[in-house]
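**Q** Note that the protein sequences, when read in sequence, are chains X and P.
Count along the first sequence from 1, then add 6; that gives the number in my numbering.
Count along the second sequence from 1, then add 6; that gives the number in my numbering.
There's no promise every hint is true.
Unchecked claim - Some chain X residues judged to face chain P by a derived CB distance under 8 Å, without partners named:
no.	residue
1	K41
2	S123
3	A125
4	A190
5	A194
6	S220
Stated by the list, open to error - Taking lysine to aspartate or glutamate pairs in the DMTMM-like style, the calculated list, with each CA pair at most 25 Å apart, reads:
no.	chain 1	residue 1	chain 2	residue 2
7	P	K9	X	D250
8	X	K246	X	E258
9	X	K246	X	E228
10	X	K118	X	E258
11	P	K10	X	D250
12	P	K10	X	D227
13	X	K242	X	E258
14	X	K13	X	E228
15	X	K242	X	D227
16	X	K116	X	E228
17	X	K247	X	E225
18	P	K9	X	E171
19	X	K246	X	D227
20	X	K242	X	E228
21	P	K9	X	D227
22	X	K247	X	D227
23	X	K34	X	E171
24	X	K11	X	E171
25	P	K10	X	E171
26	X	K247	X	E228
27	X	K13	X	E171
28	P	K9	X	E258
29	X	K230	X	E258
30	X	K230	X	D250
31	P	K9	X	E225
32	P	K10	X	E228
33	X	K271	X	E225
No lab work stands behind these hints: they were computed from the structure.
Glycine included, every Cβ here is placed at the ideal spot set by N, Cα and C.
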Amino acid sequence: MKSGKRKLVQVITAVLYNCNFTGFASGKIYKGKLKSACVPGLNCYSCPGAVSSCPLGSLQQSLVSSKYRFPYYMLGMLLLLGALLGRFICGFLCPFGLVQELLFKIPTKKIKKGKWSRALSYVKYVVLAVFVIGIPLIFAVPGFCKYICPQGILEGALPLAAANESVRGMLGKLFSFKLIIAIAILVAAVFIFRVFCRFICPLGAIYSFFNRVSVARMEVDEAKCTHCNACVRFCKMDIKKVGDAECIQCGECAGVCATCAISRKPIIGTKKDSQEEAT
Amino acid sequence: MNKKLITGGLIMAGFLLLAVGIATGGVNDVLNKAIRICYECIGIG
Numbered sequence: 007m008k009s010g011k012r013k014l015v016q017v018i019t020a021v022l023y024n025c026n027f028t029g030f031a032s033g034k035i036y037k038g039k040l041k042s043a044c045v046p047g048l049n050c051y052s053c054p055g056a057v058s059s060c061p062l063g064s065l066q067q068s069l070v071s072s073k074y075r076f077p078y079y080m081l082g083m084l085l086l087l088g089a090l091l092g093r094f095i096c097g098f099l100c101p102f103g104l105v106q107e108l109l110f111k112i113p114t115k116k117i118k119k120g121k122w123s124r125a126l127s128y129v130k131y132v133v134l135a136v137f138v139i140g141i142p143l144i145f146a147v148p149g150f151c152k153y154i155c156p157q158g159i160l161e162g163a164l165p166l167a168a169a170n171e172s173v174r175g176m177l178g179k180l181f182s183f184k185l186i187i188a189i190a191i192l193v194a195a196v197f198i199f200r201v202f203c204r205f206i207c208p209l210g211a212i213y214s215f216f217n218r219v220s221v222a223r224m225e226v227d228e229a230k231c232t233h234c235n236a237c238v239r240f241c242k243m244d245i246k247k248v249g250d251a252e253c254i255q256c257g258e259c260a261g262v263c264a265t266c267a268i269s270r271k272p273i274i275g276t277k278k279d280s281q282e283e284a285t
Numbered sequence: 007m008n009k010k011l012i013t014g015g016l017i018m019a020g021f022l023l024l025a026v027g028i029a030t031g032g033v034n035d036v037l038n039k040a041i042r043i044c045y046e047c048i049g050i051g
C-alpha cells in the first residue's frame, strides 16, 4: 500500500474516532452508548469529539475495578483486536501515530535508529507492567492516564479547557507536569520517527504480542528472500525482521525488496501496490 | 504449532471473554468511566 493511501486511512480513522464535532464547541464530552466499546488505537475518551472509548484507559479502569469484577470484557476486547489486527492498528488506526508521522515530516536533521533505540524499545513493556497493570491494581489509580498519556492532554485537556471555563479553572500542577511530558514527546517526534510508539506506548506493547500470529500481518516468502536485509535497513522502526513485534505493518519495506518477497496477509494492499511504489 | 490454529484459538478466546464480560456487566465499567470527563487523563487528578 502506498504511503499516501495509508495517510488517508489514518486521517479518516482519526476523524471517525472523534466525530462528535459539536463537543469541541460546547466543551462537553459525548455520553452515548457507543462509549461502551473501544476504538483500536490510542484515543482519549475525554476528548470532546470522541464517540468511543480508549482501550488503554478502559483497561486501567477495569483493573481498578477488578476487586469487584474480573476484567473479562477488556481482556476480551484487546485479545480480539490483537488477534485480528496486531500492530496494523499502530500503522493505520492510531491518531497519535499519525500526529507523530506528520511531525517527523518537518524538514530537519533526523536521529537514526541504532542499538540504543533497539534497547529503548523494551521500555514500553516496563511502562505496560508498571503504569497500566501495576499501579491500577495496587493503588487503584490509572497510572498511565494520570502520569504519562500525551493524548489526554492533546485531545482531552486542551480542547476541553479551550471551550469549558470550569475545566480551565481546575487545571493545576498535574496538568503542567503532563503538558511538559506531551511537549517533550511531540518535540522528540520531530527528530525521532514515532518516538512514543517505539519506546513508550503500552498499547503497542500489548498488540506486539500478537503481531506474528494476527490475521493481518506482514510475511516474508523464505523461498524468494535473499537475506540482503534491505527491508530491515529501510524500516524506521526497530525491527530485527519484517513482521516481528516492532513491525507496524506499514508495508513500505515491500517497495525496497528486490525479489518481491514481502507481502501483507491477508487484508488490503497487495504486492502489486508495493511494486508500483518501487517503480 | 500452526499459526492459523493459534490465531483461531486467540480469536475464539477473545470472543468468549468478551461475551462473559458483557454477561457479567464489565461493559458498564467501561461506559461509566467513559461518559464522565476523566480527571486523570486531563491532568486534574
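**Q** Indicate, hint by hint, whether the structure satisfies it.
**A** Against the structure, the hints come out as follows:
1. Restraint check, K41 of chain X versus chain P: the minimum CB separation of about 4 Å is within 8 Å; hint holds.
2. Of the supplied interface hints, the one on S123 of chain X is violated, with its beta-carbon coming no nearer than about 28 Å to a beta-carbon of chain P, more than 8 Å.
3. Using the Cβ-Cβ criterion of 8 Å, the hint placing A125 of chain X at the interface with chain P is not satisfied: the shortest such distance is roughly 29 Å.
4. Of the supplied interface hints, the one on A190 of chain X is violated, with its beta-carbon coming no nearer than about 15 Å to a beta-carbon of chain P, more than 8 Å.
5. Restraint check, A194 of chain X versus chain P: the minimum CB separation of about 20 Å is more than 8 Å; hint violated.
6. The interface hint given for S220 of chain X is met, as the beta carbon of that residue sits about 7 Å from the closest beta carbon of chain P, less than 8 Å.
7. A threshold of 25 Å between alpha carbons decides the hint, and for K9 of chain P with D250 of chain X the separation of about 14 Å falls inside it, so the pair holds.
8. The hinted pair formed by K246 of chain X and E258 of chain X meets the criterion: a straight-line CA distance of about 15 Å does not exceed 25 Å.
9. Between K246 of chain X and E228 of chain X the CA atoms are separated by roughly 15 Å; this keeps the pair inside 25 Å, and the hint holds.
10. Among the hinted pairs, K118 of chain X with E258 of chain X is consistent with the structure: their alpha-carbon atoms are about 17 Å apart, no more than 25 Å.
11. Taking the CA atoms of K10 of chain P and D250 of chain X, the gap is about 17 Å. The hint holds against a cut of 25 Å.
12. Distance hint between K10 of chain P and D227 of chain X is fulfilled; the C-alpha atoms sit about 17 Å from each other, no more than 25 Å.
13. Between K242 of chain X and E258 of chain X, the direct Cα distance comes to roughly 10 Å. Compliance with the 25 Å bound is thereby established for this hinted pair.
14. For the given pair, K13 of chain X sits about 30 Å from E228 of chain X by alpha-carbon distance, which is inconsistent with the 25 Å threshold.
15. Restraint check: the Cα-Cα separation between K242 of chain X and D227 of chain X comes to about 21 Å, which is no more than 25 Å; the hinted pair holds.
16. Distance hint between K116 of chain X and E228 of chain X is unfulfilled; the C-alpha atoms sit about 33 Å from each other, more than 25 Å.
17. About 10 Å separates the Cα atoms of K247 of chain X and E225 of chain X, which keeps this hinted pair within 25 Å; it holds.
18. For the given pair, K9 of chain P sits about 53 Å from E171 of chain X by alpha-carbon distance, which is inconsistent with the 25 Å threshold.
19. With a C-alpha separation of about 16 Å, the suggested pair K246 of chain X and D227 of chain X falls inside the 25 Å cut-off, and the hint holds.
20. Pair hint K242 of chain X plus E228 of chain X holds up; C-alpha atoms about 22 Å apart against a cutoff of 25 Å.
21. With a CA separation close to 15 Å, the supplied pair K9 of chain P and D227 of chain X stays within the 25 Å bound.
22. Between the alpha carbons of K247 of chain X and D227 of chain X the distance comes to roughly 12 Å, so the proposed pair stays at or under 25 Å and holds.
23. Simply put, K34 of chain X and E171 of chain X have alpha-carbon atoms about 11 Å apart, close enough for the 25 Å limit, and the pair holds.
24. Pair hint K11 of chain X plus E171 of chain X does not hold up; C-alpha atoms about 39 Å apart against a cutoff of 25 Å.
25. The hinted pair formed by K10 of chain P and E171 of chain X fails the criterion: a straight-line CA distance of about 53 Å is larger than 25 Å.
26. In summary, the hint linking K247 of chain X to E228 of chain X is supported, as the alpha carbons are separated by about 12 Å, within the 25 Å threshold.
27. Simply put, K13 of chain X and E171 of chain X have alpha-carbon atoms about 35 Å apart, too far for the 25 Å limit, and the pair is violated.
28. Annotation: proposed proximity of K9 of chain P to E258 of chain X holds, straight-line Cα distance about 24 Å (limit 25 Å).
29. Restraint check for K230 of chain X and E258 of chain X: the C-alpha separation of about 18 Å stays at or below 25 Å, so the hint holds.
30. Restraint check for K230 of chain X and D250 of chain X: the C-alpha separation of about 18 Å stays at or below 25 Å, so the hint holds.
31. Between K9 of chain P and E225 of chain X, the direct Cα distance comes to roughly 12 Å. Compliance with the 25 Å bound is thereby established for this hinted pair.
32. The straight-line distance between the Cα atoms of K10 of chain P and E228 of chain X is roughly 18 Å, inside the 25 Å bound, and the hint therefore holds.
33. A distance of roughly 7 Å separates the Cα atoms of K271 of chain X and E225 of chain X; the hinted pair therefore holds under the 25 Å criterion.
In terms of the numbered hints stated before, the structure departs from hints 2, 3, 4, 5, 14, 16, 18, 24, 25, 27, listed from lowest to highest.
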